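Number of protein chains: 2
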Amino acid sequence: MSNPVLVEVTRGSLVESRHRGMVIAVDGEGRVVFSAGAVDAPVFPRSACKAMQALPLVESGAADRYGFGNRELAIACASHSGEDDHAALAASMLARAGLDEEALECGAHWSFDQGPLIHQARTLARPSALHNNCSGKHAGFVCAACHTGMTVAGYVTYEHPLQAEIRAIMADLTGAVLAHDNCGTDGCSIPTYAVPLDGLARGFGRMLTGSGLQPLRARAATRLIEACMAEPFYVAGTRRFCTLLMEVAPGRIFAKTGAEGVYCALLPEQGISIAVKCEDGASRAAESMVAAALARFFEPGSEPRERLLAMANHTMKNWNGIEVGTVRAAPSLFEAA
Amino acid sequence: MSNPVLVEVTRGSLVESRHRGMVIAVDGEGRVVFSAGAVDAPVFPRSACKAMQALPLVESGAADRYGFGNRELAIACASHSGEDDHAALAASMLARAGLDEEALECGAHWSFDQGPLIHQARTLARPSALHNNCSGKHAGFVCAACHTGMTVAGYVTYEHPLQAEIRAIMADLTGAVLAHDNCGTDGCSIPTYAVPLDGLARGFGRMLTGSGLQPLRARAATRLIEACMAEPFYVAGTRRFCTLLMEVAPGRIFAKTGAEGVYCALLPEQGISIAVKCEDGASRAAESMVAAALARFFEPGSEPRERLLAMANHTMKNWNGIEVGTVRAAPSLFEAA
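Chains as they are written, first to last, in the numbering used here: chain A, 1 to 337; chain B, 338 to 674.
These are computed hints drawn from the structure, not numbers from a lab.
Worth double-checking, as some hints may not be accurate.
Said to hold, decoys possible - From the structure, some residues in chain A lie toward chain B, with a derived Cβ separation under 8 Å:
1. Arg-11
2. Asn-182
3. Ala-282
On a predicted model such as this, the values are computed, not experimentally measured, just so you know.
Cβ atoms here follow ideal geometry from the backbone N, Cα and C, with glycine treated the same way.
This is chain A alone, in the form it adopts within the complex (with noise of 0.2 Å):
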């Protein structure tokens, strides 16, 4: 069964390309309040489940000892845009740790965004691992196997003990199994394990409510979803999607996507968490996909629900600014039945 097209591309007055998708959208009880498409089929979260892999950094006492604030919890939850604040503060994390990038096992790579990579250009030879959009969450890595007496060396591996826990943790929220044959290896090196697309949405709800969590974990994760709400900048950067959401209604809802196409959200007020994933892995739609799911849950007229879908449905301008089509997500994802 195929999934459903969630988002069209159009130009002139006809669709020029189409998006399929899955999307889902469950309650503080991990009810299905809406979805769309095969939510049952694993899917790689990618970096959209950055928090639950940071939840080690905080449990462990790690974040405390190092004084680790709002900003650093955010950029441990973050896939950042290697801006020179991104780098700076990843770097800083690392020295509290009596450490540097060389600690670092994510490799490097120049800015996927055209501003911060114009800028790379002109100021940098070549870019470090601190520029690498995972460099926070790395930097927490180390810090978490520094604070529990972990080896460093090797963190990304899947033996190793923190991913162990890793593992553990999302096994924990998600209900899946989590083991070598539903395993890949991420861009940066660490495993990413597929799981139900179900089992995300509740994982990420069961962090937003503590339901059924260990009082430790409840307050872990409250914490990373606040902080990375608290500065959406260093969760992605200037302009980016993530950070344009959460500044939408400041406090009000969290968002963080993953390659190929997902992206996980939580709305606290209503206790509801979503998942979202672009069938062909492509970023725009599923931008607007979790951009019109997230409106369904904004009265109609209000601030937020009007911003939500000018995100969610928007015109495309050419290089000299003429309109030449839209981005529109289907009526069924931001209308409630």
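Model the placement of chain B on the given structure of chain A, informed by the hints.
Frame of chain A, contents of chain B only:
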């Protein structure tokens, strides 16, 4: 009815993302050799039809008057990366007509490609219209308009006689009716017309074989196709897929991409014309599809076939050089039934 999945992106042992699409190959008489998906659906060819749009430049005699060789004709059909040699060649074409970049109406943008963008960032305050990926096509338009005594200003508009001429040419080649209701505006501001994918394939097939074309048009078409195959760098750029495809078997493959997952390709020896549209607009999938479809027409075990298959089915590495997954084309594309 859904288009079939033609490209899968895997991670670990699982499929992470799926791309659907349409592919058609026709022979010298326009008969379907093979197809997949709804190939009668209208598709905006975007930049994939630039060789059609360049016909007036040659047919009018402008190319001869201004002394244009293979490089100039290739860049007139190009979506280039804005490398220094591309911008310089476009400027030199305009200079032959006594004009400069002020005549270009395509707008300016930074290179879409990381390497050239980094170079631009280090050497330019900002890009000019000469760096626009379409600057060669637009320089060709300007020269064609100049030579034939048309007013140059406004050459991008639907009403301009040059665009009317291109509209008539594309209608003739593809057999489609082109008018306002299937017209959109392209990234570079000229009209783009949605035509059935099979019509697009047959249109390029007629450019290749000359079938049913007036001798002047047939000769112009041959000259443009041969120019692109002779100068593949000027059709795209360093490490670009169009360039690499044409370098696989010099003089034996023509290939040109268009935005939103379109590809047109020709095999002069076999008289085959191929057109591809990835439903979701992804370049990585359109590339895999067209390489696979081209491979189908080369002998098993031959070097072109092996190289094309390696482009259609390839591993993906992460920032540490670790293999994390694959992009793979449906075997039905490259294995004859």
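These are the hints, each one checked on the structure:
no. : hint    : in the structure
1   : Arg-11  : holds (4 Å)
2   : Asn-182 : holds (7 Å)
3   : Ala-282 : holds (6 Å)
Against the hints set out earlier in the document, no violation occurs for any number.
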